[in-house]
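Q: Can you build the whole structure from these sequences, using the hints too?
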Amino acid sequence: MSTTAERLDLAVDGMTCASCAARIERKLNKLDGVTATVNYATEKATVEFDPELVSASAIVDAVETVGYHARLPRAGAAAEAARDPVDALRVRLAASVALTIPVLLIGMIPALQFTNWQWLLWQLTTPVVVWAAWPFHRATWQNLRHRTVTMDTLVSVGTLAAYGWSVVALFFLDAGTPGMRMPFELVPSRAGSDGQLYFEAAAAVVTFLLAGRYFEARAKRRAGGALRALLELGAKEATMLEDGVERRIPVDRLAVGAQFVVRPGEKIATDGVVVEGWSAVDASLLTGESAPVEVGEGDEVAGATVNVGGRLVVRATRVGSETALQQIAELVTAAQSGKAPVQRLADRVSAVFVPVVMALSLATLGYWLATGASSTFAFSAAVAVLIVACPCALGLATPTALLVGTGRGAQLGILIKGPEILESTRRVDTVVLDKTGTLTTGKMQLVSVTPAAGIDPDEALRLAGSVEHASEHPVARAIAAAAAARGPLAPVESFANREGLGVEGVVEGRAVTVARPSLHALPVDIAAAVDAAEGAGRTAVVAAWDGAVRAAFVVSDAVKPTTRDAVAALRSLGLRPILLSGDSEATAQSVAGEVGIDEVIAQVLPAEKVAVVARLQRDGRVVAMVGDGVNDAPALAQADLGLSIGTGTDVAIEAGDLTLVSGDLMAAADAIRLSRRTLRTIETNLFWAFAYNVAALPLAAAGYLNPVVAGAAMAFSSIFVVSNSLRLRRFEPE
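For the sequence shown, the numbering used here assigns the number 1 to the initial residue and increments by one for each residue that follows.
Careful: at least some of the hints might be erroneous.
[To be verified] Below, computed lysine-lysine pairings styled on DSS-like, alpha-carbon distance capped at 30 Å:
| no. | residue 1 | residue 2 |
| --- | --- | --- |
| 1 | Lys267 | Lys443 |
| 2 | Lys27 | Lys267 |
| 3 | Lys267 | Lys236 |
| 4 | Lys443 | Lys560 |
Hints were generated in silico from the structure; no laboratory data involved.
A: Take a look at the structure:
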């Protein structure tokens, strides 16, 4: 495929089972320059194609040629709003239930079978089989025109056969005799009368399958609710500020560089940078992080987050599809459109299942007729085989769990890049943790102030902070920020920055110097504080005025409050944590001791991180890597599972398999737990779907299943699979 490959997401109508999706997928992948994945649960085809070899319209035509309908994204968006399959199914189901209940009661309870009751059953069953079951018949006809068979073929043939047999028995055999009685048999009798009627079976099967499809459609809509809710988070309007004048405009008219006002309680319209004001922003709907984040001039804010404090003026930096919200939605959509390796087995089975079942049904009919069983019994067994074997549950097992799991993850600020990632989370046994920005905040903070004898620590911090305020060095910014938090800073005169040594300036008539400890003779108490700080891997500077060192300041990259608990949570998942850092051994060991990590690899250059991960893999470890910087991207890509901190760089996020939008390491443990639970749900679904067919088919072929029971069991299997997947909506972070 050329480098100009494009991606197309098509909405596909008419799919009723996994074999439909497999057929469309095969057709699309036969086109030159096309790689396609079709998802039955989301009713979408994700197509990557070379526009030089094939056009979008040709792709749509290819779907149409196999009997289905495809819609391009824009047309699809409008049509999606207009059509709701759940409403149409509800009407058919309601009518079918109203007509089927009396059919079942009369057909199954001999005491209710009045004279000529069978003719009433024919009248009640006919609209159920003809009108209520019309979607099955229509799909069967369309597929037969293209020489294919699907689940609808099994349903249509089974119900029409049961209905047709009953009509023949009613009009031409002895079933139409006035006063005839017909007891209900849970297990059909091998010596049954040729006048047996199957009106209750035909009506009940249609009703059960419509009910199954209705609840399935409702559940699929609920399963995709998380992503729809995510997309609806965005603001619809913005208050643009132009030449000092405010005016409300639709959010899609905002351009990069435009300034807009966000008042308390309003959603931020799009991604941007604060140019005026101070406030707290609630990003919980986007990141899953509950505590509001304080922002001020120069800070970045994301669209769809809520301003809960003061008035802000924001300059737009990303709009439309470039915003964080849309990027998250695209990642989730891509993950839901893919297929986990375990799903491909189900797809292969479903693709050949229907023809095999049709052959088995005919073989069942022939076998029982050949062995002398009554034609009624042989027919009943053949119909039961057709009805009970519909592979709906197989087709729904994986995509519904994936739909719910990835959607719930997005609500919690956990983005799963693709379904194949789920397999990796189960095998991982080692987690490599970058230090800066992952375990720590990535920003230097003042840890302690040690004053000389007779010096007020607050006064020392005020003087040092006033001088440091004019410097851009990270250590200087940490001291200045701590000083400013305690009170106003003093003006500085004659400021000078001595490169690599320190800064100096005149504050309130005093010549203040803040510099390395090695440049001064230190009092005993200050020397002890400096030695202790350096022994713990922290940075110490000293402030001097009036010819003597007056105080020592210790700064450090602070550990995030939740890091220790996050490391413990990773251990509880069976993972062995390793701290990987470019800092000195002392600094790395200090942080490791603080957060509860035993194994440390320090003084690693950025280019060497990938080699460390590769070495661990050669030693037999299955490695997860957590990082946030550009220098972590190669290691994230090398690892068996890459978890990128969402507050980091775009390069790191792109390289990771899982993205933690909130930037909190605790989300790493939650991401692995959610991924593993989603995988377990998929496996449970597939087990029961396979087990159901393996157990039910022999029973039906052996004549131990009444077609009514077979229809109920088939509908229940689909409802069970979807309901089991919906349990993932209740997943909660630790």
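Q: Now, for every hint given, state plainly whether the structure supports it.
A: Here's how the hints hold up against the structure:
no.: 1; hint: Lys267 to Lys443; in the structure: holds (28 Å)
no.: 2; hint: Lys27 to Lys267; in the structure: violated (45 Å)
no.: 3; hint: Lys267 to Lys236; in the structure: holds (9 Å)
no.: 4; hint: Lys443 to Lys560; in the structure: holds (10 Å)
In this structure, only the earlier hint numbered 2 is contradicted, and the remaining ones agree with it.
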